[in-house]
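> Residue numbers (full-length UniProt numbering), protein chains in the order written: chain A, 1 to 231; chain B, 1 to 231; chain C, 1 to 231; chain D, 1 to 231; chain E, 1 to 231; chain F, 1 to 231; chain G, 1 to 231; chain H, 1 to 231.
None of these hints come from the bench; they were simulated from the model. Please note: incorrect hints may appear among the correct ones.
[Said to hold, decoys possible] A short, non-exhaustive set of chain E residues, derived as facing chain G with CB atoms under 8 Å:
1. 107
2. 108
3. 132
4. 137
5. 147
This structure is a prediction, so every number in the text was calculated from the model and none was measured. For glycine and all other residues, C-beta sits at the position ideal for the given N, C-alpha and C.
Protein chains: 8
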Amino acid sequence: MVSTDGTAATTADLGFARLDLDRVVRTGDPEVVFGAGKTPDQIVAALARLHEEHPGRAVLATRVDGEARTRCRERLPGARVDDAGRTVTLGEPPAPRGRVAVVCAGTSDLPVARECATTVAVFGAEPDLVVDVGVAGLHRLLAERDRIAGADAIVAIAGMEAALPTVLGGLCGVPLIAVPTSVGYGWHMDGLTAFLTMLNSCAPGVVTVNIDNGFGAGVAAARVARQSVAS
Amino acid sequence: MVSTDGTAATTADLGFARLDLDRVVRTGDPEVVFGAGKTPDQIVAALARLHEEHPGRAVLATRVDGEARTRCRERLPGARVDDAGRTVTLGEPPAPRGRVAVVCAGTSDLPVARECATTVAVFGAEPDLVVDVGVAGLHRLLAERDRIAGADAIVAIAGMEAALPTVLGGLCGVPLIAVPTSVGYGWHMDGLTAFLTMLNSCAPGVVTVNIDNGFGAGVAAARVARQSVAS
Amino acid sequence: MVSTDGTAATTADLGFARLDLDRVVRTGDPEVVFGAGKTPDQIVAALARLHEEHPGRAVLATRVDGEARTRCRERLPGARVDDAGRTVTLGEPPAPRGRVAVVCAGTSDLPVARECATTVAVFGAEPDLVVDVGVAGLHRLLAERDRIAGADAIVAIAGMEAALPTVLGGLCGVPLIAVPTSVGYGWHMDGLTAFLTMLNSCAPGVVTVNIDNGFGAGVAAARVARQSVAS
Amino acid sequence: MVSTDGTAATTADLGFARLDLDRVVRTGDPEVVFGAGKTPDQIVAALARLHEEHPGRAVLATRVDGEARTRCRERLPGARVDDAGRTVTLGEPPAPRGRVAVVCAGTSDLPVARECATTVAVFGAEPDLVVDVGVAGLHRLLAERDRIAGADAIVAIAGMEAALPTVLGGLCGVPLIAVPTSVGYGWHMDGLTAFLTMLNSCAPGVVTVNIDNGFGAGVAAARVARQSVAS
Amino acid sequence: MVSTDGTAATTADLGFARLDLDRVVRTGDPEVVFGAGKTPDQIVAALARLHEEHPGRAVLATRVDGEARTRCRERLPGARVDDAGRTVTLGEPPAPRGRVAVVCAGTSDLPVARECATTVAVFGAEPDLVVDVGVAGLHRLLAERDRIAGADAIVAIAGMEAALPTVLGGLCGVPLIAVPTSVGYGWHMDGLTAFLTMLNSCAPGVVTVNIDNGFGAGVAAARVARQSVAS
Amino acid sequence: MVSTDGTAATTADLGFARLDLDRVVRTGDPEVVFGAGKTPDQIVAALARLHEEHPGRAVLATRVDGEARTRCRERLPGARVDDAGRTVTLGEPPAPRGRVAVVCAGTSDLPVARECATTVAVFGAEPDLVVDVGVAGLHRLLAERDRIAGADAIVAIAGMEAALPTVLGGLCGVPLIAVPTSVGYGWHMDGLTAFLTMLNSCAPGVVTVNIDNGFGAGVAAARVARQSVAS
Amino acid sequence: MVSTDGTAATTADLGFARLDLDRVVRTGDPEVVFGAGKTPDQIVAALARLHEEHPGRAVLATRVDGEARTRCRERLPGARVDDAGRTVTLGEPPAPRGRVAVVCAGTSDLPVARECATTVAVFGAEPDLVVDVGVAGLHRLLAERDRIAGADAIVAIAGMEAALPTVLGGLCGVPLIAVPTSVGYGWHMDGLTAFLTMLNSCAPGVVTVNIDNGFGAGVAAARVARQSVAS
Amino acid sequence: MVSTDGTAATTADLGFARLDLDRVVRTGDPEVVFGAGKTPDQIVAALARLHEEHPGRAVLATRVDGEARTRCRERLPGARVDDAGRTVTLGEPPAPRGRVAVVCAGTSDLPVARECATTVAVFGAEPDLVVDVGVAGLHRLLAERDRIAGADAIVAIAGMEAALPTVLGGLCGVPLIAVPTSVGYGWHMDGLTAFLTMLNSCAPGVVTVNIDNGFGAGVAAARVARQSVAS
């Protein structure tokens with residue numbers, strides 16, 4: 001066995017999945033329920049079991065569709081459900097250490113931004129949402145520059161031509177995670193254009209996650225922020 | 001025959017190509033020699049024949065490689081040769097009507113910018129070259145905003161993430177042609193990234209040409225500028 | 001603040017979006033409502049607010065679906081709704097300066113052509129629609145050659161093999177914007193074939209916009225036409 | 001054995017390849033030597049052996065590079081070598097039945113056109129080469145319309161935007177094979193653009209072969225022409 | 001005007017389209033109605049008008065969906081409707097000249113094969129349908145070899161790995177048109193795999209049309225067959 | 001440590017690489033030297049060290065270029081060097097268990113076939129090479145059917161349209177590994193066409209490796225053959 | 001005829017398809033019904049006919065949708081229907097020879113794993129299903145290492161980043177077939193990412209099948225296992 | 001001017017480029033010289049000028065080719081030149097805050113790893129290089145687990161199937177940046193395979209940079225590490 005502390009690894013068998021209860025020991029955070037492809041009942045059961053295992057720490061489900069969110073509201077009293085971000089949280093988030101600026105270019109990017117902000121909170125940092133500051137109206141972005149540059153980590157979310165992270169990366173030196181979104185029209189290849197833009201940014205140090213992956217960016221940003229000295 | 005004025009179409013047979021002498025009647029501009037794939041002697045012959053046909057109007061060859069440029073210098077006295085932009089011009093350009101701002105993001109984009117500027121002059125407008133104003137240092141671009149916004153047409157040239165045309169398109173309403181360049185590193189697909197960025201610009205009215213096609217953008221911009229009322 | 005005239009930038013916060021009221025100062029034209037992904041009520045609210053801000057100048061919404069067009073008809077008396085082009089206009093267009101020939105190859109390209117024509121009018125030029133002149137029946141196109149060549153700008157719209165802009169570009173020297181459409185069958189990659197054809201046109205000076213982007217072409221063409229000396 | 005006439009199939013083992021001597025029985029034409037990737041000596045040996053087997057009928061090698069063409073000139077007296085089309089022919093072509101119009105858009109397409117024309121002759125039809133009739137100067141093409149429309153088959157060869165086969169397909173009803181060439185600049189994907197254009201032609205009945213495959217088109221066209229009633 | 005006989009070109013304006021009545025003069029065959037994207041009433045109107053213009057010659061509509069086929073049955077007495085091939089024919093086909101073997105690999109390819117066979121008949125040749133002779137069971141194909149090799153043209157239709165045309169091309173020398181179909185599972189890119197296979201066939205002279213384009217192959221094959229001396 | 005038998009894992013540090021000496025315990029076969037990107041001296045050193053560790057069992061280097069093969073001949077007496085397959089073997093192969101038919105379509109596929117055959121021998125089975133049996137001449141393949149069908153495993157190697165594995169898969173039920181090669185011309189995407197063909201084979205049970213990966217196929221086939229009951 | 005034993009090949013004509021009854025002679029296994037695209041009645045008829053022909057050997061249908069599974073339950077008493085794997089089996093599987101470990105990374109891969117396991121049984125080996133052992137929790141995989149390494153063949157099924165086969169390939173030397181699944185989110189190209197990962201595995205001898213093709217992997221693995229000496 | 005502190009932005013014009021001297025104020029770090037495409041003299045000049053401007057802080061050039069490295073050694077006494085990583089550093093790096101584990105899978109990934117490590121040092125953190133711990137030999141990686149998990153940030157560098165970051169991401173919760181490398185053979189699309197693998201990692205919070213971009217990952221990791229509380 002490779003459990004890092006030498007004890008037997010524990011998993012919880014729910015019939016439809018084996019929960020990795022050991023993960024919090026290895027990585028510092030409990031497993032998260034990825035809701036896509038699961039039934040409402042499976043999501044409820046997984047959240048309940050994880051909450052039982054980690055009573056003092058919020059647990060999270062992402063990509064939870066409408067029917068499953070309704071089921072969570074009925075079966076999991078105390079759950080916080082975010083319809084825009086399609087997340088469900090159960091239990092109290094840790095006291096936040098560090099602040100993450102979650103910045104998005106347009107209102108269409110909001111679902112991704114909210115998934116990201118909720119994730120940041122569950123993983124132990126404070127999310128600070130800055131919406132609708134795309135570069136076609138530069139003044140909107142520059143007006144928020146100091147607030148953004150003062151954070152411990154930045155998540156910059158954009159679709160279409162996705163120039164936002166590059167402009168931000170030229171304005172401040174905070175660790176910056178770019179999230180491409182599948183927002184656009186014509187030939188944008190479901191967000192691949194935004195993704196390629198971010199990957200080729202002339203601003204040094206920009207890192208990316210997969211298209212629409214607000215969750216992944218939130219995990220990374222929270223881990224950066226919560227270990228920051230300045231928070 | 002479909003010659004637009006009812007007369008017989010004229011072509012000049014050079015053995016290796018038939019020059020379309022009629023083009024100036026149909027489109028207002030003489031044929032241009034595309035140098036790639038032609039021998040130095042073929043380029044010289046084509047330029048000489050076009051100049052003979054259009055003595056009062058500069059004629060142009062593009063994508064002329066080093067050996068062919070040397071041959072043009074030897075054989076075509078009076079030819080203007082631009083090594084950076086790989087162009088050769090023979091005869092006097094028309095008196096310029098209108099001004100075209102040719103703006104590029106980085107020094108690596110300069111060859112494309114110079115090909116464009118020369119084309120603008122040959123097609124009858126005044127080129128105004130603005131270099132190295134990429135968006136990672138926004139102040140460099142904003143310092144030139146008024147000069148650019150006062151032109152009759154803009155050509156915005158950029159590689160890598162190619163955010164420049166979008167930022168420019170948010171700062172002024174002049175007709176704007178974006179040229180992607182094959183400048184970048186890692187996975188940028190020889191300029192396709194820049195191209196996709198431009199194509200998906202959230203600034204309305206941005207139009208594009210093919211990758212590295214400074215010539216095509218120059219033709220389009222000159223045609224716009226020279227018919228402009230403000231020039 | 002980077003507002004170009006030194007005053008504070010103004011934005012209108014509608015809850016779901018911040019309208020960029022300053023844009024008319026920077027670029028000469030008000031913001032346009034992109035209807036895709038917005039609810040009927042959001043489109044109505046955005047149009048009403050923009051109209052209030054710009055009472056003497058038509059404002060436009062594009063990609064407005066059937067339900068939203070019905071809502072606009074009910075809530076916005078005086079709005080002009082185009083079902084084929086999926087646009088809604090509120091207020092009087094500016095007096096047209098210059099004429100734009102909006103040419104399309106087949107009847108399937110008509111929705112894109114109408115979106116383009118309406119945009120041309122809202123942005124201040126006169127649209128002139130020429131339909132069903134594809135190159136498989138050359139005589140149909142040649143019969144309209146003089147009308148097209150006399151315009152201040154041309155928008156050439158085509159799907160399938162998209163030979164139209166190249167043939168037109170060989171027949172006249174007017175600024176020409178090509179719009180690929182997602183019309184075709186078999187392997188055409190949702191219009192990418194038409195797009196590649198236009199991008200590789202052997203006629204010099206052809207510029208393009210994204211697939212089906214009649215709006216973008218209309219903005220560009222209107223800006224060219226309205227500043228033309230000959231109009 | 002599946003030899004179609006019940007006799008044993010014959011192959012000639014040259015050490016580096018087994019020639020399929022039976023092919024003429026099954027398909028009516030002998031095997032052709034594909035020169036790419038073969039040494040000069042291998043090409044010479046294969047041609048000599050095929051000629052020995054088919055003394056009354058020309059045999060062909062394609063894609064023969066410069067060094068191998070020199071070797072063929074030295075070792076195979078009577079061989080006809082075409083440097084532009086990179087072919088070598090040994091023996092007399094059959095008396096031609098039917099005529100194939102081999103039409104190409106630009107001079108850069110000439111190597112493919114010549115490979116095609118030679119193949120047509122070796123496979124038993126008469127090639128008729130029509131060069132430099134691209135659609136950017138329509139009058140050049142229309143002047144040759146009757147000559148082309150009177151052939152038994154047409155091969156239309158074009159690179160760049162490749163509009164030629166579509167325009168031709170609208171002007172006549174002869175069987176028409178389109179050959180895309182890898183001629184272009186900017187993003188044309190080594191001829192894929194031309195290929196997609198041909199594949200999506202709005203003219204009915206256009207068929208295609210692979211990029212630069214003048215040989216394949218020649219085989220197909222000759223087979224059509226030589227069985228035609230009008231020849 | 002470029003009408004080939006010097007008279008005025010005629011088109012029929014149906015409101016939603018201009019029929020190209022001149023086409024039969026230029027190409028020998030009347031225009032065909034492409035049903036996709038047209039309403040049932042438009043298809044009926046177009047067929048009726050074409051039939052009126054060409055009373056002695058069958059006219060064809062392809063890609064006619066279920067509702068439109070029902071409308072054709074109601075409104076166009078005498079129309080022949082093929083549900084599998086999604087075609088509607090009105091009027092008598094010409095007396096067939098020449099025979100076309102329409103060969104398909106699997107039963108899933110049948111809709112494409114039937115569209116092809118009907119087109120062959122309308123364009124004046126005799127279709128001969130050979131079904132379910134894929135190469136995974138070679139004996140089924142070899143048993144039909146002589147019937148296929150005796151035709152004036154072959155259309156070989158296959159999806160998945162599409163080996164059929166290559167095997168056929170090695171067994172006979174008849175003009176052979178390959179049609180890739182979008183039949184497969186896993187990663188086959190909607191028929192692109194089959195298409196690439198055909199394009200790279202090691203059997204010389206194989207030509208292709210776009211994916212699922214039974215109509216285009218039928219036009220080409222009929223034109224070949226009907227001019228054949230042996231028919 | 002996770003060594004599967006509880007002992008410490010052993011690695012040999014050569015300065016430029018750590019050899020995985022433990023691999024033979026975990027997988028039954030020693031590590032293989034992948035020569036691409038290594039200097040001649042590094043290849044010699046790695047082979048020598050592996051041979052020292054596994055004196056009773058041949059060790060192998062693949063993708064060894066010309067200069068490195070010369071160095072191996074000089075420095076490693078007793079090494080068997082295959083120039084066509086670019087492999088070097090040191091030590092005696094195990095006594096073969098089972099036979100692998102290594103079948104290739106054309107002579108251009110031979111380098112891949114030889115790399116495969118050598119690998120089969122080194123991994124403990126007997127290779128049986130069958131060359132030049134492509135499907136364009138079916139009789140050549142059918143003549144070898146029984147020899148191939150009697151093997152314990154088949155490796156079928158083909159480029160271009162790659163129909164060979166499908167035809168073979170329909171003729172026998174032996175475990176069959178298909179290897180696509182980068183052999184072709186025109187648009188074949190460096191072997192991707194062959195690869196897609198194999199992946200979409202209608203013959204059940206065909207498995208594939210990467211393009212030109214004769215080594216990988218050889219490892220897999222040898223493992224199958226050497227555990228076969230019939231060998 | 002090429003039937004391998006000289007007798008006439010037999011096929012059963014069901015109207016909608018010709019069953020290849022001869023296949024069991026040529027390849028050792030009867031034809032399998034691929035349910036996608038077939039009606040429920042066609043699936044029932046094909047299974048019944050195959051069962052009649054092969055009474056002593058189970059016959060299989062794959063990709064059977066819900067409605068067709070219901071029909072099979074009603075019409076084919078004794079059929080075994082697997083809803084998760086979408087398979088229907090009729091008749092007794094052969095006595096198993098050899099064991100195949102069918103290993104999958106996540107619960108979302110289960111449908112593919114079950115299709116594979118059923119196929120393994122029908123083709124004559126014993127399937128051993130190991131679920132939810134993805135590499136993000138290595139201890140789950142290592143705990144099952146000995147069970148997996150003791151099988152005669154391994155099928156490793158994974159989506160997303162698909163690291164499982166590489167890790168397994170480093171832990172044991174059993175013949176290993178990797179199956180990519182279309183499980184993932186963001187830009188994974190419907191399983192192509194997993195596929196590419198498997199194709200580029202640094203563990204030697206990993207072979208692959210098409211995305212989600214549990215059937216193909218099952219056929220290959222069963223053929224390997226049932227001829228193994230150790231079973 | 002938009003300089004963030006209200007003063008005039010300063011740039012240094014070197015003739016071939018304008019250095020952005022203001023960047024250190026906006027982002028905390030000076031501009032870096034990207035050596036690709038620059039002449040040896042240009043690189044020397046840019047480094048010298050940056051060093052003059054930032055005497056107390058190391059400045060860096062990346063992608064410096066052999067000739068330019070020699071020139072730097074001659075002209076810039078005190079410069080540190082890394083041939084493997086192709087970097088040149090001038091001046092003293094800041095005292096390191098925090099530690100970055102730079103982990104790579106194979107020796108071929110070393111150039112990228114060294115570029116990354118040098119960048120980490122120049123940007124103010126301590127690099128800790130861990131080489132040759134690919135997942136095909138898991139024990140090598142697990143032996144280093146604690147050392148890696150104790151860092152403030154991890155850069156995980158891998159080519160081929162690139163499973164390393166996923167396995168690492170399951171073993172620890174430190175911020176983790178994955179770098180795909182263009183190392184592989186067969187169809188790996190110059191590193192795109194590795195990139196896609198990382199992008200689709202099932203381990204939460206993995207972020208990526210472009211292919212071979214050790215520099216970008218180094219900047220990001222150093223910024224994370226140097227602001228960490230634990231350093």
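> Next step is simple, just say for each hint if it's right about the structure.
Comparing the hints with the structure gives:
no. : hint : in the structure
1   : 107  : 5 Å, holds
2   : 108  : 6 Å, holds
3   : 132  : 5 Å, holds
4   : 137  : 5 Å, holds
5   : 147  : 15 Å, violated
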